[in-house]
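Chemist: Here's the letter readout for the chains.
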Amino acid sequence: MEADRPLDTLNKARGSRVIVELKTGKQLLGKLKAFDIHINTVLDEAEERVNGETTRKLGTIFIRGDTIILISPENG
Amino acid sequence: MEADRPLDTLNKARGSRVIVELKTGKQLLGKLKAFDIHINTVLDEAEERVNGETTRKLGTIFIRGDTIILISPENG
Amino acid sequence: MEADRPLDTLNKARGSRVIVELKTGKQLLGKLKAFDIHINTVLDEAEERVNGETTRKLGTIFIRGDTIILISPENG
Amino acid sequence: MEADRPLDTLNKARGSRVIVELKTGKQLLGKLKAFDIHINTVLDEAEERVNGETTRKLGTIFIRGDTIILISPENG
Amino acid sequence: MEADRPLDTLNKARGSRVIVELKTGKQLLGKLKAFDIHINTVLDEAEERVNGETTRKLGTIFIRGDTIILISPENG
Amino acid sequence: MEADRPLDTLNKARGSRVIVELKTGKQLLGKLKAFDIHINTVLDEAEERVNGETTRKLGTIFIRGDTIILISPENG
Amino acid sequence: MEADRPLDTLNKARGSRVIVELKTGKQLLGKLKAFDIHINTVLDEAEERVNGETTRKLGTIFIRGDTIILISPENG
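Chains as they are written, first to last, in our numbering: chain A, 1 to 76; chain E, 1 to 76; chain Z, 1 to 76; chain X, 1 to 76; chain H, 1 to 76; chain D, 1 to 76; chain Y, 1 to 76.
Since the hints were made in silico from the structure, they are not lab data. Hints are not guaranteed to be accurate.
Unchecked claim - A partial selection of chain Z residues facing chain H, derived with a Cβ cut-off under 7 Å: (1) D4; (2) R5; (3) P6; (4) T9; (5) L10; (6) L22; (7) I39; (8) I69; (9) L70; (10) I71; (11) S72.
Claimed, not checked - Straight-line C-alpha distance at most 16 Å; calculated EDC-like pairs for lysine to aspartate or glutamate: (12) K12(H) x D8(Y); (13) K12(A) x D44(Z); (14) K23(Z) x D8(A).
Unchecked claim - The calculated label-pair distances, taken between Cβ atoms and stated as ranges, are: (15) H38(X) x R49(H): 38 to 48 Å; (16) R17(H) x N11(E): 50 to 60 Å; (17) G15(Z) x D8(Y): 48 to 58 Å; (18) R14(E) x E53(H): 37 to 47 Å; (19) R17(H) x E74(E): 50 to 60 Å.
Everything numeric in this text was worked out from a predicted model, so none of it was measured. Don't be surprised by glycine CBs; every beta carbon is placed ideally from N, CA and C.
Using the sequences and the hints, build the whole thing.
Modeler: The following block contains the structure:
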């Protein structure tokens with residue numbers, strides 16, 4: 001049996017809604033469309049949330065991987 | 001079917017207006033002219049926006065990728 | 001006899017509960033599911049703890065390695 | 001048709017005056033003499049500007065690329 | 001005669017107690033079990049010390065190398 | 001005609017006095033003895049200057065490149 | 001004649017006392033025992049100095065290179 005790799009978890013979340021936490025303290029929610037080994041990530045139907053409140057609708061966004069703390073599938 | 005890659009999203013936005021958010025808290029708006037794998041990015045007809053207000057007209061600008069948090073197509 | 005390598009310690013902790021301390025000062029607890037050489041880490045049944053109090057249930061989370069200070073098996 | 005690359009924009013600005021914004025908040029103005037893939041940059045006839053005021057004449061300067069936020073041709 | 005290399009010093013300290021100082025200002029003490037070229041480090045019987053006071057018993061811990069300032073063998 | 005490269009400018013300054021500005025806000029002045037592609041730099045007859053005042057005579061110093069903002073030949 | 005390289009300066013200082021300045025603002029003094037291309041550095045008979053006062057005797061220490069601002073031979 002082969003050991004799990006972290007990107008497998010992201011791969012299973014493709015097309016599902018995820019929460020992305022940034023080093024700036026903000027949260028971005030959206031449908032995980034794409035990611036790469038740098039954890040550069042694209043969300044569709046994204047919105048920004050600060051302290052649990054939706055602050056902005058952003059549509060599709062490209063997030064540079066090095067600003068990401070964690071990615072959590074909403075139904076994970 | 002091949003999985004989407006994050007740079008595909010940027011590629012589709014070439015020539016369209018995008019919002020670039022920087023680690024400094026500023027926003028840069030402009031027409032996406034070019035980017036590379038480091039997310040070094042060139043905008044045409046760029047302007048700087050702070051708290052939703054246009055603060056400077058910048059023309060063409062080269063942005064070093066490591067200062068970028070996210071890139072969002074205006075009509076994405 | 002071959003010298004131990006740091007990732008061997010993480011490997012032995014797979015499937016067990018670990019505490020992950022982040023550069024932001026937060027702690028994440030959960031079952032270690034996966035990690036890679038960048039220390040990108042996946043926890044199952046994760047929860048966030050601030051000052052010893054559970055502040056959020058997070059389910060499965062992907063943590064970007066460069067935000068991690070240390071990983072400690074709960075029974076290590 | 002080949003896609004534009006960000007360094008093409010810098011290349012076209014060689015010999016022209018550019019504004020370089022640093023992560024420290026300062027601006028450096030000068031004639032773009034040279035740059036490389038790390039965005040290490042050399043300006044001739046450089047001057048430092050803080051809040052729009054020229055604060056120092058610096059002559060030729062070598063700027064380490066990782067301190068640069070953006071480079072903007074004055075007539076771009 | 002071949003010049004010493006920094007990792008030789010860590011290698012000689014394997015199995016002995018060391019003090020690890022982190023960029024966060026904390027100290028971790030424990031028996032040096034393993035390290036790699038990134039200075040990812042594993043301590044056994046680790047404890048956290050703040051201002052000279054033991055604040056937590058941590059057992060075995062994996063420390064990500066980029067958070068480390070220095071490693072000092074207790075009897076070095 | 002071949003384009004200038006940034007390190008050519010440093011190379012021409014070898015043996016001459018330069019000002020090195022650090023991310024800490026300090027300035028180091030001295031005779032440029034050596035540098036490499038990481039911009040690790042050696043100055044001879046170096047002195048530290050804070051707010052235009054010489055604060056310390058340092059002799060020969062090795063400066064790690066990633067702490068450098070810019071290098072300016074005194075007669076550049 | 002071959003140009004000097006920065007590590008040559010460190011190499012000549014092997015076995016001599018050096019001052020190492022850290023990004024944390026502290027100084028470490030000791031006999032330079034070893035270094036590598038990342039500027040990971042080992043000092044023997046090291047002591048910590050804050051504002052010119054010896055605050056701790058540290059014996060042999062391994063310093064991670066990326067925390068170092070500069071290294072200065074005491075008789076350089």
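Chemist: Taking the numbered hints from earlier one at a time, note which ones the structure violates and give those numbers from smallest to largest.
Modeler: 6, 12, 14 and 18
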